[in-house]
Amino acid sequence: MLFRMIRGVLLHQKSKMLLIAVTIALGASLATGMLNVVMGVEEKVNKELKNYGANITVKSKDASLLTAIYEVGEGDEALNDAYLKEDELGKLKTIFWAFNIVDFTPFLNAQATLPDGTEAQVFGTWFNHHLSLPTGEEMDAGVAGMRSWWEITDGRWLNEADENADNEIMVGAVLAEEKRWTVGETVALTTSQGKLDAEIVGIYDAGGDEDSQIFATLDAVQALTDREGKVNSIEVSALTTPDNDLARRAAKNPSALNSHDYETWYCTAYVSAICYQIQEAITGSVANAVRQVAESEGTVLDKTKLLMILITALSLIGSALGISNLVTASVMERSKEIGLLKAIGAKDRSITGVVMTEILITALFGLAVGYFMGLGFAQLIGHSVFGSAIDMNPKVIPIVAGLIALVTIAGSLPAIRMVLRLKPAEVLHGGQ
Amino acid sequence: MTKRRMFLRMITASLLRRRSRMLIALLSIGIGATILAGMVTIYYDVPRQMRSQMRSYGANMLLMPDEGETLTTEKLDGVLALLPEEALVGATPYRYVRLDMTSRQQSFTSAGTDFEQVKKTSPYFSVDGRYPEGTREVLVGKEIAETIGVKEGSTMELTYQPSVSSASGEASADWIPGAKLSGSAEGWSGGTMTVTATLGEDGAIAEIAVDASTQTEEFGGRTQTDQAFLSQFIGRKLPLRLNPDADEMVGAGVASAKNSAPEGSDQVDALSGATVSSAAIVNALNSARNADATAKPNTVKYTVTGILVTGGEEEGYVFMSLGDMQSLTGEDKLDVAELSVSAEEEQLNAYAEQIGQSGQGVKARLVKRVTKSETAVLGKLQALVFLVTVVVLLLTMICVSTTMMAVVSERRREIGLRKALGASDNSIRVEFLGEGVFLGILGGVLGALLGFVFAQVVSVNVFGSSITFQPLLLPAAVIVSVLIAAASCLMPIKRAVAIDPALVLKGE
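Chains S and D, in that order, give the protein sequences.
To convert, note that position 185 of the first sequence is 185 in this note's numbering; the numbers rise steadily by one, no gaps.
To convert, note that position 151 of the second sequence is 151 in this note's numbering; the numbers rise steadily by one, no gaps.
Pulled out of the complex, with its shape left as it was, chain S reads as follows:
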């Protein structure tokens, strides 16, 4: 009997039930979409923040600024151990947080004499270095990805895949203007160890010190200064979790943590934990967080997340009120029917049961449709804003389902109670 009544309502009052289903579907899609966006936004914004460049620098333990202060000559034998090994770079992608390492590039610097007798800083680096990692992953690493703010004013980026890439250089705009160099020109760079005749393929405007420097391939600078397989420093761009108290304590001295805290810290993508793991992977290295990038990243990420959470909360409250409002309206609308049921002897409990079951079944339909609509909205936002899909988070399903159930019941209960309190005769008579 109950079943038949419910089926009757669902079939005969199609338009009314459809209205409820549509509203619930809209509410559910809003909740699904927003929750998915909130949970995915951190990763997406984090990737966007990679625009700011490296957040970790790796140097040799023995390399110190003070060597630079003494202006020790190039290729000084005593300083040879202050380098990192180029062949260890791949190890960066073998650490625990390997997947969080988005990009990295080595640097080897040299002071080279230009044809007119003046000197300039030459950096050997990767531009778009293709790496085939032991894990089977393929990636292109290098400054092309890590200097997103460089503006190529003339020419093009140096492409390492080119055959004579080792005889090509990119020159900063200030230096190029000072020396009146143009793209296509060949410049001879000399050091006490070697000579490089390189063609200028690109001139860049970096808006900083790099504007008066020269960038060449790592191999070229290694050959120029006779330092095969060596690099001065590595810049690493990693996706990190904003620092908290634990991370700050750990950054000072990881060994002071107790084993539980240590594990939490080690297994969270804090910038200090990633630095620590890089130091473990690369012999004789010191990895430091670049606070300008790392700290600010945390601020921006936290703010964005909080903003999205609050907007989500607002829209959830809005849709919750909207749904329960509609449910209340539609239950009250059926006061006549409920009066009739009461008049022919239906118990309050069974009336409540019938009405609730009807609405919950409708809600279920709405929920199912709404969930998939919500996924659609999330993807729409993901693709149009960040150009990539937002991961579907399975955690969203129970949250949305629970929310809809709660809202539907909360919306129908007061209305049912109100209707039940009415006298059947009055209701049927049409009075209030």
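By construction, these hints were calculated from the structure, which means they are not laboratory data.
Treat the hints with care, as some may be off.
[Unchecked claim] Below, simulated BS3-like cross-link-like pairs (lysine-lysine); rule was C-alpha separation at most 25 Å, straight line:
#, chain 1, residue 1, chain 2, residue 2
1, S, Lys14, S, Lys342
2, S, Lys47, D, Lys380
3, D, Lys380, S, Lys305
4, S, Lys61, D, Lys142
5, D, Lys151, S, Lys252
6, D, Lys494, S, Lys336
7, D, Lys142, S, Lys252
8, D, Lys494, S, Lys16
9, D, Lys120, S, Lys305
10, D, Lys494, S, Lys14
11, D, Lys119, S, Lys252
12, S, Lys47, S, Lys91
13, S, Lys179, D, Lys363
14, S, Lys195, S, Lys179
15, D, Lys75, D, Lys333
16, D, Lys3, D, Lys494
17, D, Lys151, S, Lys61
18, D, Lys119, D, Lys333
19, S, Lys47, S, Lys305
20, S, Lys195, S, Lys85
Fit chain D to the known structure of chain S by using the hints.
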């Protein structure tokens, strides 16, 4: 009773008697308007708020002197006046000098700066200890601290070694304050005059004494005692030059008892009747200065108040206040000023151009790494909030109209009854629309106010700053609410009106 009064009474009666239903409708429109007003306010405010958050990445503009010009604190203030005050987050002057730490036979790049401004332009600086507050205090970069083993509270002696750089042999470094100078030069008829002077903290002459015993007493000899003549040296910085104009002299019995040159200039007037002796005094002082500036390094003992951790090259510097740096080197000179300006890239470019063309000999450069990245990230964030706003608004508005539809279609019986009593379709439509419009206005006003409160809560919680109320939003929220309420009334009324009253009344 006029028609209009009847109309009003019908609407108010319907609203009053059917309180619970109308409350639901009002609530629903109110929610819609709240979300509309709140989201739109947030959408407009997010770029501004996020931009100020992005300033945590530090300076986005650098000021440097043009070639051949020097940047001074005064000039910097002049340039800063060109920028709107509310956009300027901070402006930090820097003076870089190489200082020696003789005890460890090392030298460091040292920066004189304004720490209050540093906190604004480089909020990512992390200090173990505290920033220097008083004089003779320094902040030491982590790398230096580790190398030479200093920590908070240690002291270190730093020496400024003025260098003779230019080919003409003139000292490039201006001055060493607190120094006592003594020089001599040939005066009238070959007699040697000796001058001693003490310099104040600012590097200007604080005391001067002249020994003019070799000079003719009633002429050159008066340079030793004439206060009008001697006092003009006080407060002036070396080197000085003598005003060659015989009409502008100082001394007792001369019309102008004061120096004719403006304060701060390098010109002094000769004592009336003692031009040669006056010139000798100026020469003696200048030669003393040159000899002293090249010969005597200035050493000051500093207390380390904190260790600076940044992860960048700043860890290899020693920082001190600009005042300390000036008294150490005796120059008011800046190498660069870092500006943190809260503005979008185009606006920054416009400011930079304006500064470059202001003729103050200062050029502005944007820090591309910061400006370009900020533009990219902010663009994404704004697009995100925009899309979210659109989706939320769309869904909320549909929700509102379904509720309104439910509320109205419930009254099909009433419509049927009215029709049976002879009401025209039009008058029914107008009445229901009137109700909808009334609800829309009320809900819209309520919603706009609540929405502002909501946006304010978000802004205070997320960004820690309040937002301004957009007055335009009030009419906008009301108009949208009225439109939605009216539109969602119309559909069910149309259906109800189309049906035969008998059928509606029968309950089919």
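These are the hints, each one checked on the structure:
With a C-alpha separation of about 23 Å, the suggested pairing of Lys14(S) with Lys342(S) holds against the 25 Å cut-off. Between Lys47(S) and Lys380(D) the alpha-carbon distance is near 11 Å, which keeps this suggested pair within the 25 Å criterion. Proximity of Lys380(D) to Lys305(S) is assessed by CA-CA distance (about 14 Å); at most 25 Å being required, the pair is judged to hold. This hinted pair checks out: Lys61(S) and Lys142(D) have alpha carbons roughly 14 Å apart, not beyond 25 Å.
Our distance criterion of 25 Å between C-alpha atoms is met by Lys151(D) and Lys252(S), whose separation comes to about 15 Å. Between the alpha carbons of Lys494(D) and Lys336(S) the distance comes to roughly 23 Å, so the proposed pair stays at or under 25 Å and holds. Taking the CA atoms of Lys142(D) and Lys252(S), the gap is near 12 Å; set against the 25 Å cutoff, the hint holds. Taking the CA atoms of Lys494(D) and Lys16(S), the gap is near 16 Å; set against the 25 Å cutoff, the hint holds.
About 24 Å separates the Cα atoms of Lys120(D) and Lys305(S), which keeps this hinted pair within 25 Å; it holds. A hinted pair counts as satisfied when its Cα atoms are at most 25 Å apart, and Lys494(D) with Lys14(S) qualifies at roughly 19 Å. About 22 Å separates the Cα atoms of Lys119(D) and Lys252(S), which keeps this hinted pair within 25 Å; it holds. For the given pair, Lys47(S) sits about 22 Å from Lys91(S) by alpha-carbon distance, which is consistent with the 25 Å threshold.
For the proposed pair Lys179(S) and Lys363(D), the alpha carbon gap of about 21 Å is at most 25 Å, so the pair holds. For the given pair, Lys195(S) sits about 19 Å from Lys179(S) by alpha-carbon distance, which is consistent with the 25 Å threshold. The straight-line distance between the Cα atoms of Lys75(D) and Lys333(D) is roughly 10 Å, inside the 25 Å bound, and the hint therefore holds. Restraint check: the Cα-Cα separation between Lys3(D) and Lys494(D) comes to about 23 Å, which is no more than 25 Å; the hinted pair holds.
For the proposed pair Lys151(D) and Lys61(S), the alpha carbon gap of about 20 Å is at most 25 Å, so the pair holds. Taken as a hint, the Lys119(D) and Lys333(D) pair is honoured in the structure, with Cα atoms around 21 Å apart against an allowance of 25 Å. With a C-alpha separation of about 14 Å, the suggested pairing of Lys47(S) with Lys305(S) holds against the 25 Å cut-off. A distance of roughly 23 Å separates the Cα atoms of Lys195(S) and Lys85(S); the hinted pair therefore holds under the 25 Å criterion.
Hint compliance for this structure: no hint is broken.
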